[in-house]
Structures are given as structure tokens and as C-alpha cells.
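In order, the protein sequences belong to chains S and B.
Residue numbers for the first sequence follow our numbering, so the first one is 131 and each next one is one higher.
Residue numbers for the second sequence follow our numbering, so the first one is 131 and each next one is one higher.
Don't read these hints as lab results, they were simulated from the structure.
Glycine is no exception: its CB is placed at the ideal position from the N, C-alpha and C atoms.
Honestly, I wouldn't trust all of these hints.
Simulated coverage check for chain S against chain B, where a stretch passes if three residues somewhere in it have a Cβ under 8 Å from a Cβ of chain B [what the hints assert, rightly or not]:
(1) 162-174
(2) 292-303
(3) 394-405
(4) 517-524
(5) 527-533
One-letter residues, chain by chain:
Protein chains: 2
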Amino acid sequence: MKIVRINMSKGTVDEHDVPKEYQGLGGRALTSTIVGREVPGRCEPLGPRNKLILSPGLLSGTSAPCSGRLSAGGKSPLTGTIKESNAGGTAAQHLAKLGIAAIVVEGQPSNGALQILHLSASGAKLVAADELKGKGNYETVAVLLDKYGQKCSIISIGQAGEMRLSAASIAVTDPENRPTRHCGRGGLGAVMGSKGLKAVVIDAEGGKRLELADSKAFGEAARVFAAELKKHGVTGTTLPMYGTNALTNVINEAGALPTRNFTSGHFEGANKTGGETQREIIIERDGLPQHACHPGCVIECSRIYHTNKKEYLTKGPEYETVWAHGANCGIDDLDAIAQMDRLEDDFGVDTIETGATLAVAMEAGLAKFGDAEAAIRMVREIGEGTALGRVLGCGAAVTGKVFGVTRVPVVKGQSMPAYDPRAIQGMGVTYATSTMGADHTIGYSVAPNILKVGGDLDPLKTEGQVEASRNLQIATGMLDSAGLCLFVAFAVLDSPAAFGAIKDMLNAQYGWELSDDDVLAIGGKTLAKERAFNKAAGFTSADDRLPEFCYTEKLPPHNKVFEVSDAELDELFVPVEEKYQE
Amino acid sequence: MKIVRINMSKGTVDEHDVPKEYQGLGGRALTSTIVGREVPGRCEPLGPRNKLILSPGLLSGTSAPCSGRLSAGGKSPLTGTIKESNAGGTAAQHLAKLGIAAIVVEGQPSNGALQILHLSASGAKLVAADELKGKGNYETVAVLLDKYGQKCSIISIGQAGEMRLSAASIAVTDPENRPTRHCGRGGLGAVMGSKGLKAVVIDAEGGKRLELADSKAFGEAARVFAAELKKHGVTGTTLPMYGTNALTNVINEAGALPTRNFTSGHFEGANKTGGETQREIIIERDGLPQHACHPGCVIECSRIYHTNKKEYLTKGPEYETVWAHGANCGIDDLDAIAQMDRLEDDFGVDTIETGATLAVAMEAGLAKFGDAEAAIRMVREIGEGTALGRVLGCGAAVTGKVFGVTRVPVVKGQSMPAYDPRAIQGMGVTYATSTMGADHTIGYSVAPNILKVGGDLDPLKTEGQVEASRNLQIATGMLDSAGLCLFVAFAVLDSPAAFGAIKDMLNAQYGWELSDDDVLAIGGKTLAKERAFNKAAGFTSADDRLPEFCYTEKLPPHNKVFEVSDAELDELFVPVEEKYQE
Chain S
131 MKIVRINMSK GTVDEHDVPK EYQGLGGRAL TSTIVGREVP GRCEPLGPRN
181 KLILSPGLLS GTSAPCSGRL SAGGKSPLTG TIKESNAGGT AAQHLAKLGI
231 AAIVVEGQPS NGALQILHLS ASGAKLVAAD ELKGKGNYET VAVLLDKYGQ
281 KCSIISIGQA GEMRLSAASI AVTDPENRPT RHCGRGGLGA VMGSKGLKAV
331 VIDAEGGKRL ELADSKAFGE AARVFAAELK KHGVTGTTLP MYGTNALTNV
381 INEAGALPTR NFTSGHFEGA NKTGGETQRE IIIERDGLPQ HACHPGCVIE
431 CSRIYHTNKK EYLTKGPEYE TVWAHGANCG IDDLDAIAQM DRLEDDFGVD
481 TIETGATLAV AMEAGLAKFG DAEAAIRMVR EIGEGTALGR VLGCGAAVTG
531 KVFGVTRVPV VKGQSMPAYD PRAIQGMGVT YATSTMGADH TIGYSVAPNI
581 LKVGGDLDPL KTEGQVEASR NLQIATGMLD SAGLCLFVAF AVLDSPAAFG
631 AIKDMLNAQY GWELSDDDVL AIGGKTLAKE RAFNKAAGFT SADDRLPEFC
681 YTEKLPPHNK VFEVSDAELD ELFVPVEEKY QE
Chain B
131 MKIVRINMSK GTVDEHDVPK EYQGLGGRAL TSTIVGREVP GRCEPLGPRN
181 KLILSPGLLS GTSAPCSGRL SAGGKSPLTG TIKESNAGGT AAQHLAKLGI
231 AAIVVEGQPS NGALQILHLS ASGAKLVAAD ELKGKGNYET VAVLLDKYGQ
281 KCSIISIGQA GEMRLSAASI AVTDPENRPT RHCGRGGLGA VMGSKGLKAV
331 VIDAEGGKRL ELADSKAFGE AARVFAAELK KHGVTGTTLP MYGTNALTNV
381 INEAGALPTR NFTSGHFEGA NKTGGETQRE IIIERDGLPQ HACHPGCVIE
431 CSRIYHTNKK EYLTKGPEYE TVWAHGANCG IDDLDAIAQM DRLEDDFGVD
481 TIETGATLAV AMEAGLAKFG DAEAAIRMVR EIGEGTALGR VLGCGAAVTG
531 KVFGVTRVPV VKGQSMPAYD PRAIQGMGVT YATSTMGADH TIGYSVAPNI
581 LKVGGDLDPL KTEGQVEASR NLQIATGMLD SAGLCLFVAF AVLDSPAAFG
631 AIKDMLNAQY GWELSDDDVL AIGGKTLAKE RAFNKAAGFT SADDRLPEFC
681 YTEKLPPHNK VFEVSDAELD ELFVPVEEKY QE
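Same shape as in the complex, but just chain S:
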């Protein structure tokens, strides 16, 4: 395996074998290790000393089910912390087939030039791409696929990334060649934009099939893993049937669906935007009610959403996107939400951050809650780069600051997603302590709190929440490094056989002899490295806190505040750092 280093200051491309210190790492473990070793903690996120790392997971490119995640890493312009954000799509598998463990993008052009990186079996090269300036992801992808062939994968940024807006995402093409899968969180699209890198084109034709140390054992473990995923209620039934948006009604019933900028946990229009309704609309309009975002996915929670004229509009908006633009903005119109999803994928901004930002703007009085037309107009301004659009494109914290809003739902500058931490206390623990600002995927406490997967905790009580979040964060660090979709966690949490299959696949692929503990250590060590980076960047336990209103405003209908004590939060990483710090 090799690392492709491109230096945008010098315009150079260097391909070299993975050096010793990075061997045996993939996905988030690799991006966070490289950032920790090579990026100064206090550096300017949009300056030449930050780096953007793109890395497929350890299992990506194999037949391991759901192993097609691409990790992007760097110092976040949104949070100032380390950041890893991963997406599905076809890029990770194609990179792995070219034998690429990571792309490291360094430096910064002094002339504002825009380039693309072209990767193929014959090597890596930078190509001038000024003709793509100012284009959205959809047009960028269309132009590049026309030029380089429809079998390529594209990793790209839209206008938001070029404008270096701190909520900018990095888009990855799905199997239909659409830029619908995004490394959304933390503004890594702005880092890519600051490097003058518009896109990475991956032509995997002629790439080799990955060599496996023990292909028979690997195949057996992969079959067990697929069977476990099919067997579990969430991954085998709910997600294929209703997608992630199955959660809208579930979380609303739990009184934890943040509504109108986190002023209630219950939205009267929830069902109109939920997965059941979405499924009906999609079927009625000849969309795809079940779809895989990358080859080899056996869950198929993705879908394709059509307009009422039965034409492609966007992928089926995910639960968090539906929430961010729906309940959180008081909007109960799925078509309006889907339009915003499409615009945001095209401009390249995180849908969670953007929806949360719209609600803050509504609280500031820029539009009324529920006014879908005004919300769409605001989203358009992001792509247009007006002063207001740029503010919104920098996320909820900046928007709150500019418009004097104090109820801003962010931790370390990043918006809290679709689960109110006052009604799901475990989620608050994860938001507060996450190494990357408020994030649900980094330790999905919803599982034991609400879905009763991997445990059974009372979501309104604090007991056991810190330990559960810690274990989830360790396990997730491992999954993100393996390149596995987070959703496999549902099966892994409930079934030792599923966890064992991951261990067996890793051992069979690399000829390792990892124990269960060794597998978890992949996650634990990654967390310890991320914490060390954040410390160097100036973060302390005082930053591991929820926004003030979560402690002072009771959330209806449960009328609870966040009750996990500071001391308990500060305990979360103590055993992690003791055990895993290198």
C-alpha cells in the first residue's frame, strides 16, 4: 500500500510506500494519526500548515459487507479540533483497489489556482481545473465523468468549499455517479478548498484486487458478518424498509426531537416528514425506496427521491437532514426538505450544520419558523456567496454570534444533531466529550437509550451514560478505522458473532492475530491521539460541556435539563487515556 502526497504550494505529487509509523492503520485511525503527527495543533485550519487526509478503511476494497467508507481528516475550521468525517459512495473501494492507503494534501497555492488530482493505475497527477471554478458538485461531477470516464469515482467540493466556508463538506459519488454522499461535518470541504483542490478523480480500471492473507477465512467471516447484519432487526428490517428516517417518529415519540431550535422535544408535524411517509412518496413517484450507497452494502438504507414530476431530485434525505430542516425549523414539508438537501449537496455544505443554522437564523428573526420558502431562499444565498450566505455557510455558532442569538446548539462550535441531549442524556454525554464537537455518530448513545440495542439505559437518567458513551466511542473509533458503516454497530453491539467476524476479517486480510482487546484498541488508541491533538490545540475539560441553555431551560414534554455532572463528563476519557496513550 502507498501514500500519495500532493503539495499544493509546489504543485508536486509524491507516491511512496506507507512508512512504518503509519502501517497497519486505515480510515480514521490513519487520518487522525497523520494529523496528530504532522499538523501543528495551533495552526490556522485554512492555512498551508493544515493537511487534508483522505483514507479508505482497513477493510475497504474487500468483499467485507458495508466496508466502503472513506475517511477525511484534518484540523477543522469549524471547531478548531481534530476532525474525521466519513462517507459512503464508491471512492474508498476504488482507492483501495489502486493500493492507496491515504492521500495527503499539503500546502497551499499562492495564486488561487484550482486543480484536480487524477489517480489511476498509471499514477497520480495534478491537472489545472480553472474551468470548474464556481461550479456545484453536480456539474463538477458531470464534467469530470464526461472527461475521464463514467466508471471513475469523484471526490469533490462545491461553491462552499471554494469559498472556504466552515460548514463546507466533501462530496463522494454514489454508484449512480451522483455527489450525494458527504463527509459532512466539521468543514473539511473548506480545507480542501483552501488547498485549491476542486476534486479527486479515481480511475480504478487496471487496479488490482486486494490480496488477502487468508482468503478462505476472510470469505467465511464475511458471510457470517452479512448473515448477522441481515438477522438484526435494525439492520435487517427497519433500515432497509424506512431508511434512517425511520427515526423521526421514534425520536419524536421519545420527546427528544429538537423542534424550533431546541425549544421542544416534540414536533406536531413529525409524521408528515417521517420515514413511513417518505417511503410512500418515493414509491408513488417511482423513486427507489431501497438502495445501497456503495457496492457491497447489505443494509441498503439509502434511497432515491423524485420530484412530483417523477424526476430525480436528490437521495432520500437522511433522518438528521430531515430533522435539521424539518422539526428544527418547524417545517413539515418533505419536498421542501428534499429541495434543500439537493441544494446543499450541490453547494457542498453539511446538511446538519446548515439546518441547525437556519433555525438559529429563524430565532434571530430572519424568517419565521415553518417558512419553507424563506429557508430555501437562505440556503440559495449560501451558494451565491452573499454576505448573509457566507455567514450561514459558516454554521450555527458564527450565525448566532453575528445575529446576537445566545441559544445556539453547538459544542466546540459544531451543531448538535437530531437528538436533544436533555431527553436522551446519553447523547449529551457524547456531544459534550466528543473529540470533534457535537456529533452523534462518534458514540451513538441512542442505541442503548432509545433503541435498546447494546444495553438498556433510561434516557432521562444519568446512570451508566458515561460508561456507555465511552464504550461506544471506543467501538466507533474501530469501525471508522475499518471503513465499516456505523450501522453495523447495531448488530455488533447485540451479537458477539458479528464482532468476532470483524476481528476474523481483519486477521484474515492482514495475517494478523488480533484479540478482541486488540480490535477495540484500534478505536481506543485513535481516541487518545485525537485527545492529544485537541490538547495541543488548546482544548480543556471546560470545552467538554453542552451549551448553557441545555442546563438552564427545561425541554418539553419531559421538562428535563441535562443532568450529567461536569465531574462525570471529565471521567469519560480517564481510562481511555490511561490504557491507550502511546
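Since the structure of chain S is provided, determine the placement of chain B on it from the hints.
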């Protein structure tokens, strides 16, 4: 002496004797002590848990020369640190005459109502002031003086404070009843706005003359102090003759005048904007070339600036204001600078932060360097509250973020003032370590580095800079607490008699027996309390650093970067915290 506490949530006013824990404190020592005890480190600066403290200095209201400074304190919405910002004008002396050691503004109205606080010998009361909504400081002051009498002092906010913009200032009227003296730095005007407090009207008629423990000794010490101030070259000759703007040519000659957003230390148009030219213009137009910003000032560095039609325009813009809008924006037109000074005083925004922000906006391409008309137009947008205006009104850090500029001259979110830290290394030490973000007044290393006052350090070398900044910061903490104008420091640094006179005045006023060490401990203890607050707010030594470009870009003409090591910076507060932490 008493404390006036107003609770804006409840609309209550409470006057009570100064409690034990706050006795013997004044000015910054009192504001920082109250903030440290009563404001949670992690609280939302514009929320109900922050407090705004207004306090005259220990010597304010007496005949001590130059003792009329008013301290404003709170948690800063600009920096997130503790903040004290002080101003001249007549308010501090009037508060002292009413026996008021501090006004503590708590809570927040839920209905957005605007009120004023009226203080007189017959007590304190809140009065509805919705008719003042959206008015600038000049009109606000005119309306209030019409209503309450021309002898009142007014402390007020303009549109920026009402909009809660993080660069908003608090204006204090000068002896001519104009709102020209500002607690400028750190956005405390936004805190006042967040409390719904438009103004404080102080009617000192009927207030008592301050009682002095030993009035004869006090008078003698005050005479010595005045004589020392008259004798020193800076306070006796330069400042009266040319005002603070005497520095433009001096700092330009030193190669340390930040030009066009800190890309050079030399501005070819410096002399056109310097104090010598300003003096000629003022005299030619029948302005006032020498003026006291508060009664009892014996330095008289203030002035009054007329238009070319010989009509009042604004106070003589201070050196840092001239620099911020002049060299730093490539503008060499004093009239344009004075127009912006007037607008910013009226809207109520910090002139340093605003000028630094304009330069960042110019670097972003919003206007060309040197385009005075465009700069004035941008300043007007702040008062109008357009989206762009609000961004600019939130200062350089937010503006840089929104427009993707990475060369942003801020420390802890606050703009570096008019002395490039690469050409005056000692100033960089103060900027980096200040408890309040980049600030020149908190430890004016320019004195030993350039003016050769209080020592003689090579500005391009690192030797001795940390120790000098430490000592200056301790001494300044004392001066800010005594209510003395910072400029007395020039005499104090060079003359033991001047320092002794301060000690003697304090002892004679309060019947104390302070030693020299005790006097300095007023400053040292204040710094230790401020550091403790910042630690609770989440700041670490990683925040005590200059912006990246100061370490990576050489500043012409000396072609130096900032060279004081992180380890040296981290040493600065070690002895302070050892000695003064309580």
C-alpha cells in the same frame, strides 16, 4: 461606599453597602473580582448569567490628577475571556461623588425592553427608554441631557450595543457632553445591550465631596504627582503638544506601524496622518489642539477635531484609531479617518477592532486598500445592521472566518493594535499573554522598547521582554484599579517620586498603610484573579500565542518574525500566580 445592583430580569434596583469581600477595591480590581466571584467562567457572554460591572477607580472623585477613569467589566463576547476596559470622561468622578463603588447589572429582560438607569443623590431607578431604540450615542446623549439636565454624565450604547455586536463599545460623555470617550475593547457594549440597558444617567448634584482620611497629606501627594507628570517629557511635553497621535511617525520610523493588514511595518503616508499634521489641521480649523477628557487631567492629550467648514466633527482621533483606519487600511486621509471615528463613536463600536476589521475585509477583496470611500461605506453598514455590517461589527476574527481570510491579526479573538509584534517583540509578549486578548494598554512594552521609558530594551530582540511585560502588566493592573489614566505610567516608570505619590494618595484617602509592594499587589492580585477566570472559561497556555502569520511571515523593513519562544511566554505568569493567587 455602596454598590448599586440592578436586575434586568426582574426590573429591580438594590443599593447596599460594599460587602466585605469587595471592600478596598476599585476600578479594574473591583470589576475583575466581582466577575471572578459572580460570573460562571463558561457562561454565555450575552446571556443572563453574565454581568456588566461599572466602577470608578480608587482615586476617582478626588483631586488626584488624571484619576477619572471608569472601568467596565464582564465576560467578553469578543474573546470569551474576562474583560476590563476603561475610559475617561466625567462619569467615574460623578459616580464617586454619589458614593457608588460599582454598578452591577445582572439578568436579562425577557421582552426585549430598553431601559435607562438614573442615578442621583436621591437614589437609583430604572426608567423605560423605548424611545431611544436604534439611536446612536450622539442623539441618545442629547435626548437624555435635555431631559435630565446638562450637568449629568451619560454612559451609553449606540446601535452596535443594541444589536449585541461583539465589537460594541460603551460610550462615556466628555466635559463637553459628547460621547467621545469609550470603553472600547472586548464588546462590553454588547453585554450592556444584552441587558436591555441603553444608558446610565448620573446626576451628581447634591453628591458629597469624598471624605479623605488625611486631606492634608493627600493634597501634598497630589501636588507632587502633578509636578512629576508635568516634568516628564512624554506627559509634560509630547502628549499635550501632539496627543497620542505623536506616535504615528515614531512607530513608523521604528518600522513597526502595521500597514495594509500587517504586511509591512512602514507606511508611506504616515506623516500625512501623524500628530504633527493633525495639530496643524486642528489649529487651522479652530478646533482644540489640547484638551482634557476629564476634569483634573494635567496631561491634556485629548483634542477636538473640526471639519474643513470649522464645525465640530469628533474628538481628535487617537493614535490607535488613526493607525487602524489609516496605515492599516492604506488610507492617508485624516478627514476620512475622523469621519469614521465619528461614525464609530456614534454607533458605539471599538475603533481599533473596527479598523482592524476593515483591513481584513480589504484583504478579502471587499474593497481596495486605500479606498477611504469604501471604508466609510462599510462602517456605515455596521450602524445600519445589514448582514455585512453585522459581520464587520463582530470584529476581525468573525470577518476573517466569514470571508475566508487566514491572516487575521487577533489574539483570543481580539485585534492586535497599532504596534507590530514582529518589530516590537515586547508588545508581542503582552498581546500573547494578556488576560483579555491582544491589548496594548495592559502592558505597554512600547515604553521600554521604543520610547526608552522605564528601561531600554532592543525591540527586535527577545532578551528581557517577558520580565518587562510582566512588570508592566502588574503596574498597569494597579493603575487601572486606582482609576488613573495609563499615561501617568510614563512618569511612574521613570520616577520613584511619582510612584510614591500614588501610594501616598491611596494611604491618605483611605487611612491605609500600604507599602510599595502592597501597591503593586493591587495589580498582581487582579491579574491572578483574571487568569483564574480564564482558566475556568477554558483558556490554556495554547491560547497565549500570536496568530500564525507572526511566526511565519517576515515583516518589512526589519524582516523579522516574532521570536519569543512558547516556553518563555508560559513563564510570564508563573511568579505572578505564585505570589498573588489568593
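If you test the structure against every hint from before, which numbers come out violated?
Hint 3 contradicted; others consistent.
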